[in-house]
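*Asks:* Listed below are the residues making up each chain.
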Amino acid sequence: MARFGMVIDTTKCVACMDCVVACKTENEVPEGLCRDWIVQEVKGAFPELQMEIRSERCNHCDNPPCVDCCPTGASHVEPLGMTVQVTGDVCIGCKACLASCPYDARYIHPDGYADKCTFCMHRVVEGLEPACVAVCPTRCMYFGDLDDPNSQVSRLIRSRKGHTLLPEAGTKPRIHFLT
Amino acid sequence: MHELTSTRANPLIDPSLHVWEWQIPVYLFLGGLVAGMMVISGYFLLSGRHKRTRCACFMLPSLSLILLSLGMFALFLDLEHKLYFWRLYTTFEILSPMSWGSWILMLVYPAILANLLLRLPAPLQISFPRLQQLSDQLVEHPMFAKWVGAVNMVLGSLLGVYTGILISTLAARPLWNSALLGPIFLLSGMSAAAAFVHMIAREAEERELLAKADNGFLMAELIFIALFVGGMATSTQVHQQAAGLLLGGPYTAVFWVFVVGLGIVFPLVIQLLAVNHKIQHTPVAPILVMLGGLLLRFVIVSAGQLSHWTGN
Chain D
14 MARFGMVIDT
24 TKCVACMDCV
34 VACKTENEVP
44 EGLCRDWIVQ
54 EVKGAFPELQ
64 MEIRSERCNH
74 CDNPPCVDCC
84 PTGASHVEPL
94 GMTVQVTGDV
104 CIGCKACLAS
114 CPYDARYIHP
124 DGYADKCTFC
134 MHRVVEGLEP
144 ACVAVCPTRC
154 MYFGDLDDPN
164 SQVSRLIRSR
174 KGHTLLPEAG
184 TKPRIHFLT
Chain H
62 MHELTSTRAN
72 PLIDPSLHVW
82 EWQIPVYLFL
92 GGLVAGMMVI
102 SGYFLLSGRH
112 KRTRCACFML
122 PSLSLILLSL
132 GMFALFLDLE
142 HKLYFWRLYT
152 TFEILSPMSW
162 GSWILMLVYP
172 AILANLLLRL
182 PAPLQISFPR
192 LQQLSDQLVE
202 HPMFAKWVGA
212 VNMVLGSLLG
222 VYTGILISTL
232 AARPLWNSAL
242 LGPIFLLSGM
252 SAAAAFVHMI
262 AREAEERELL
272 AKADNGFLMA
282 ELIFIALFVG
292 GMATSTQVHQ
302 QAAGLLLGGP
312 YTAVFWVFVV
322 GLGIVFPLVI
332 QLLAVNHKIQ
342 HTPVAPILVM
352 LGGLLLRFVI
362 VSAGQLSHWT
372 GN
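Quick note, the sequences are listed as chains D and H, same order.
Heads up: the first sequence begins at 14 in this note's numbering, then just goes up one per residue.
Heads up: the second sequence begins at 62 in this note's numbering, then just goes up one per residue.
Accuracy of the hints is not assured; some may be wrong.
Claimed, not checked - Distance ranges between label pairs, derived from CB positions:
#1 A147/D / S130/H: 29 to 35 Å
#2 L62/D / V345/H: 57 to 63 Å
#3 V318/H / G175/D: 30 to 36 Å
#4 H63/H / L141/D: 34 to 40 Å
#5 P76/H / L62/D: 37 to 43 Å
#6 V90/D / R263/H: 54 to 60 Å
#7 A265/H / P123/D: 54 to 60 Å
Said to hold, decoys possible - To list a few chain D residues with every Cβ distance to chain H over 10 Å, as calculated:
#8 M14
#9 T85
#10 M95
#11 S113
#12 R119
#13 M134
#14 R168
#15 R173
#16 L191
#17 T192
Claimed, not checked - Only some residues are given here: those of chain D computed to face chain H with a beta carbon under 7 Å:
#18 I51
#19 Q53
#20 P123
#21 V148
In short, the hints are calculated from the structure, not lab data.
Using N, Cα and C, we set each Cβ at its ideal position, and we do this for glycine too.
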């Protein structure tokens with residue numbers, strides 16, 4: 014069974030926000046909300062500064078606290094790709110999942126249910142890449158099966174230095190950032 | 062330097078999480094208060110005090126039903142997808158404290174109603190004579206009151222602990238991520254309930270007993286709060302930052318002056334003097350205890366949302 018994940022090469026990302034616009038367009042994300050966003054992290058002391066640009070979104074964690082805390086089962090792990098999804102008409106809008114996510118990746122849709130990145134599964138089932146990956150002009154984003162040792166994402170994780178976000182939170186995130 | 066710049070500006074999330082406002086602290090407080098009232102009422106039934114005609118335990122079931130329903134209404138107001146609330150009862154999610162709480166509440170209502178049947182309030186006796194007949198039949202069975210008492214004590218304890226566990230399992234908010242929140246909220250609910258029943262009790266002996274019990278709950282609560290803050294302040298960096306919200310941060314004054322000082326220590330001193338017959342019992346201490354309990358939920362819910370894994 015596939016376990017979808019993403020690899021993002023932060024050395025190629027230029028923070029153009031194409032991924033953000035593509036996601037909003039593809040998924041009809043309401044105005045004022047976003048499923049993915051750009052973070053610029055600057056560390057160090059002048060003149061020795063380091064900057065990392067990341068396109069962030071739901072990490073589709075292997076140990077998702079949003080799924081554990083959901084009282085109705087609206088937040089669940091989808092068998093196809095083991096991605097974390099939300100069934101809108103099962104969600105009561107209690108917001109426990111928003112509070113449980115250390116990445117603050119969720120928001121409340123104006124219709125009242127919790128919403129977030131789906132890895133564009135409606136595209137993936139048709140053999141397409143998620144919208145953000147497909148439009149990236151620097152080709153810094155990769156999507157694939159983390160359990161397949163021959164997939165591009167697995168090979169990149171093996172061959173390049175990188176990190177995940179807040180691994181200490183114990184959620185086992187599935188988005189890897191190459192550095 | 063370490064600077065993060067994000068393009069995300071989602072409502073309720075940015076610049077810091079603020080998904081829960083007044084409704085959740087009010088729900089947690091009323092849930093805890095009712096939990097305490099169930100335990101106290103259950104104790105009165107188990108110990109046979111209900112045989113006294115003026116026992117406060119007969120007022121508690123109807124008051125519990127009203128207060129719990131108000132709390133549930135506050136929770137309902139907080140839901141963003143209100144018309145789907147019934148989805149809570151189409152499943153049982155074993156890992157979700159909120160699912161446990163929903164089902165506990167489903168058991169709590171019948172337990173309180175069974176308690177109510179032990180002595181129906183006068184308006185119900187007149188309006189529903191059949192209910193009064195049922196009540197008369199049930200009271201004839203001496204074990205009924207004991208069973209109702211035991212069930213109320215168990216379910217009340219579960220409800221009280223649940224109000225703390227509900228947020229303590231949300232590990233993404235370091236301030237909440239302490240198992241001590243369960244006992245703290247239970248003890249706070251017990252002390253608020255003891256204070257409340259103290260105020261409505263008609264017998265002096267009952268008031269004395271409840272003041273003594275309240276003193277015990279308040280002392281235990283103080284110890285647990287000290288353990289909670291101490292444990293948080295000596296834990297990992299993110300937990301230390303979370304503790305900093307109460308130790309020098311924006312919630313320091315409200316927590317130590319109003320929750321701990323005026324909500325626990327001051328009423329404890331007043332009630333210690335009262336039970337030692339140095340001063341008369343006054344409603345000041347119980348009122349402060351209840352306000353302190355409410356404020357404790359507001360501070361913990363609000364400060365917890367400000368605590369974060371990437372630093373406060």
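*Asks:* Hint by hint, say whether it matches the structure.
*Replies:* Now the hints, each set against the structure:
no.: 1; hint: A147/D / S130/H: 29 to 35 Å; result: 52 Å, violated
no.: 2; hint: L62/D / V345/H: 57 to 63 Å; result: 59 Å, holds
no.: 3; hint: V318/H / G175/D: 30 to 36 Å; result: 48 Å, violated
no.: 4; hint: H63/H / L141/D: 34 to 40 Å; result: 38 Å, holds
no.: 5; hint: P76/H / L62/D: 37 to 43 Å; result: 24 Å, violated
no.: 6; hint: V90/D / R263/H: 54 to 60 Å; result: 56 Å, holds
no.: 7; hint: A265/H / P123/D: 54 to 60 Å; result: 57 Å, holds
no.: 8; hint: M14; result: 21 Å, holds
no.: 9; hint: T85; result: 4 Å, violated
no.: 10; hint: M95; result: 17 Å, holds
no.: 11; hint: S113; result: 5 Å, violated
no.: 12; hint: R119; result: 8 Å, violated
no.: 13; hint: M134; result: 21 Å, holds
no.: 14; hint: R168; result: 30 Å, holds
no.: 15; hint: R173; result: 23 Å, holds
no.: 16; hint: L191; result: 19 Å, holds
no.: 17; hint: T192; result: 16 Å, holds
no.: 18; hint: I51; result: 5 Å, holds
no.: 19; hint: Q53; result: 5 Å, holds
no.: 20; hint: P123; result: 9 Å, violated
no.: 21; hint: V148; result: 16 Å, violated
Violation of the numbered hints given earlier is confined to hints 1, 3, 5, 9, 11, 12, 20 and 21; the remaining hints are satisfied by the structure.
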